[in-house]
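Chain B: place on chain A using the hints.
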Amino acid sequence: MYRSQLTGTRIRARRNMRGMRQADLARSVGVSPSFLNLIEHNRRKVSPALLEAIAEALAIPADALTEEADSRLTEGVRAAALRTAADLAEMDRIEEFTGRFPGWAQVLAETQSRVERLERVVEQLSDRMTHDPQLREALHAIISAVTSVQSTAAILNDAEGVDADWQVRFHENILEDSGRLAEGAVALVNYLDAANSEDMGRAAPQEEVEAWLAQRDFHVAELDAGTPVDIERMVVGQVELSASASRSLARDWMRRFAADAHRLPMEPFLDALVEEGPAPDRLAARFDAPFDAVLRRMAMLPPEDPRARTMPQPGLVVCDMSGTLVFRRSIEGFALPRFGGGCPLWPLYQALRQPLQPLRVTMMTAGRMGRRFVGYGYAAPLGSARFDMPAAMQATMLVLPAEPEPEPARPLPVGASCRTCAQAECPARREPSILMAAE
Amino acid sequence: MEKRVLVIEDEPNISEALRFILTRNGWAVDVSADGLGALARLRADPPDLLILDLMLPDVSGFDILKALRAEDQTRALPVLMLTAKGQMADRAEAERLGATRFMTKPFANSEVVEAVRELAGSSGAP
Numbered sequence: 001m002y003r004s005q006l007t008g009t010r011i012r013a014r015r016n017m018r019g020m021r022q023a024d025l026a027r028s029v030g031v032s033p034s035f036l037n038l039i040e041h042n043r044r045k046v047s048p049a050l051l052e053a054i055a056e057a058l059a060i061p062a063d064a065l066t067e068e069a070d071s072r073l074t075e076g077v078r079a080a081a082l083r084t085a086a087d088l089a090e091m092d093r094i095e096e097f098t099g100r101f102p103g104w105a106q107v108l109a110e111t112q113s114r115v116e117r118l119e120r121v122v123e124q125l126s127d128r129m130t131h132d133p134q135l136r137e138a139l140h141a142i143i144s145a146v147t148s149v150q151s152t153a154a155i156l157n158d159a160e161g162v163d164a165d166w167q168v169r170f171h172e173n174i175l176e177d178s179g180r181l182a183e184g185a186v187a188l189v190n191y192l193d194a195a196n197s198e199d200m201g202r203a204a205p206q207e208e209v210e211a212w213l214a215q216r217d218f219h220v221a222e223l224d225a226g227t228p229v230d231i232e233r234m235v236v237g238q239v240e241l242s243a244s245a246s247r248s249l250a251r252d253w254m255r256r257f258a259a260d261a262h263r264l265p266m267e268p269f270l271d272a273l274v275e276e277g278p279a280p281d282r283l284a285a286r287f288d289a290p291f292d293a294v295l296r297r298m299a300m301l302p303p304e305d306p307r308a309r310t311m312p313q314p315g316l317v318v319c320d321m322s323g324t325l326v327f328r329r330s331i332e333g334f335a336l337p338r339f340g341g342g343c344p345l346w347p348l349y350q351a352l353r354q355p356l357q358p359l360r361v362t363m364m365t366a367g368r369m370g371r372r373f374v375g376y377g378y379a380a381p382l383g384s385a386r387f388d389m390p391a392a393m394q395a396t397m398l399v400l401p402a403e404p405e406p407e408p409a410r411p412l413p414v415g416a417s418c419r420t421c422a423q424a425e426c427p428a429r430r431e432p433s434i435l436m437a438a439e
Numbered sequence: 440m441e442k443r444v445l446v447i448e449d450e451p452n453i454s455e456a457l458r459f460i461l462t463r464n465g466w467a468v469d470v471s472a473d474g475l476g477a478l479a480r481l482r483a484d485p486p487d488l489l490i491l492d493l494m495l496p497d498v499s500g501f502d503i504l505k506a507l508r509a510e511d512q513t514r515a516l517p518v519l520m521l522t523a524k525g526q527m528a529d530r531a532e533a534e535r536l537g538a539t540r541f542m543t544k545p546f547a548n549s550e551v552v553e554a555v556r557e558l559a560g561s562s563g564a565p
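These protein sequence lines map, in sequence, to chains A and B.
As numbered in my numbering, residues 1 to 439 make up the first sequence, in order.
As numbered in my numbering, residues 440 to 565 make up the second sequence, in order.
Hints are not guaranteed to be accurate.
Now the in silico label distances, taken between C-beta atoms and shown as ranges [what the hints assert, rightly or not]:
| no. | chain 1 | residue 1 | chain 2 | residue 2 | range |
| --- | --- | --- | --- | --- | --- |
| 1 | B | SER499 | A | SER248 | 37 to 43 Å |
| 2 | A | ASN157 | B | SER499 | 31 to 37 Å |
| 3 | B | LEU475 | A | ARG309 | 54 to 60 Å |
| 4 | A | GLU172 | B | ARG556 | 26 to 32 Å |
What the hints contain is simulated information worked out from the structure, not anything from laboratory work.
Backbone N, C-alpha and C define an ideal beta-carbon position, used for all residues, glycine too.
With the rest of the complex left out, here is chain A (with noise of 0.2 Å):
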């Protein structure tokens, strides 16, 4: 592995940033000058012992000399790279850069994510002030109470031609409107103070929601208490559930998932788990439950429970028929976008598909940094059947990481987004990529 070559590299570049000298580094380590040195330049693997002890004399964490602690600064570099016009040449010593200047990369990497964060702002904002169905409520409420008062008061200005029974009314409509631009105007003021608060960053209802479950762990221990459970209480005074439509999501969300512990109760479900492994089918079978609902549940487990801790760490995400995003508890390493949807390729799409058809698919993330995953897809039905009404669907997509296998299937590459994905000629693409523009 190239980047596991590389530690003798940081090692170098550690010991240079404290001004220690090659000689002393290696006294205190108890190896020889010589040795250390073809260390450093990476033509002497290094035990983990050593390198402990080396950590230790520079006094830093080993992982920080390990290929782990660099591959979330090498993409960071390698974004901040693709997203330049940046001499391509030199994109493959980015590993061999972030070694020898980890405190440079680090600048570099924590800028790039800095302008994604505002960018990201940008976009909100721009999405906001274009399409944002708020901010044209207020302005439509506020453009047509002027247009009223202007005509009527228009009208009344000619007062010759208007008679005393409907110049009455005219007043009263004036006022009426007055009322109304008032109401109107402080609705907008609000909207506007709002887009300026330092909370602009969570502006939809569910990514309040998201923030909360995210601030339990994503565990709500009170469904699982047995007992019943007043959701409007648990909702009410939530600081993070500010606005009225955040509660009302978080209320359906509650509701769900405790018919979901109803029908899968923790205690049982936890034994299941330890004993089946994180297979949704088998635990579907096993209690004759909906499979999305095995999904949800695998995903709220409680998180200190050494029987949760079996599984790792599950991504959960919820999609509509419009492919619209209702629902997101992220996973490291298997990106889930803010806005618009995600990857085209996701199980959790090709299941409005197939609706009622378990999926289970490998999937690899796109990228030279790409890393293995399962995803789970189920669509279903969502809410009871009508005549006068389409059926909704709802498609529920677990995701975690995959394990080894002793031949492993031919993964699926798939991205986050397509903004964000590098993937080569990817039939679903439908915009191009930021990492692609730049190659």
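For chain B alone, coordinates are given in the frame of chain A:
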């Protein structure tokens, strides 16, 4: 015979002002706040001019315009569309769908009277 104008506008005070202005100038004015209901009425008995608000609660003014332009008896009906100022995209869409004239809110009463006179012809009233 009086020329007839139908106003589809969900803001009652705006439609009342429009009704007053146009009636005073001799047109016979009908008002509807319900887009879908008005569409049925338009098909059955087309007026001489339609004043159509874009943002209606039950259906978009664009949908009404599109439906009108798809049918023989209303294909040539003059339509004056009203919408909020600054919505350039709306204006382009209205033109694409066949609006005869586009007017932004807030409007001057004299502008409306002038536009109606041009599109529907003089009121026909003595």
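Hints the structure violates: just list their numbers, smallest first. Of the numbered hints given earlier, the structure breaks just one, which is hint 1.
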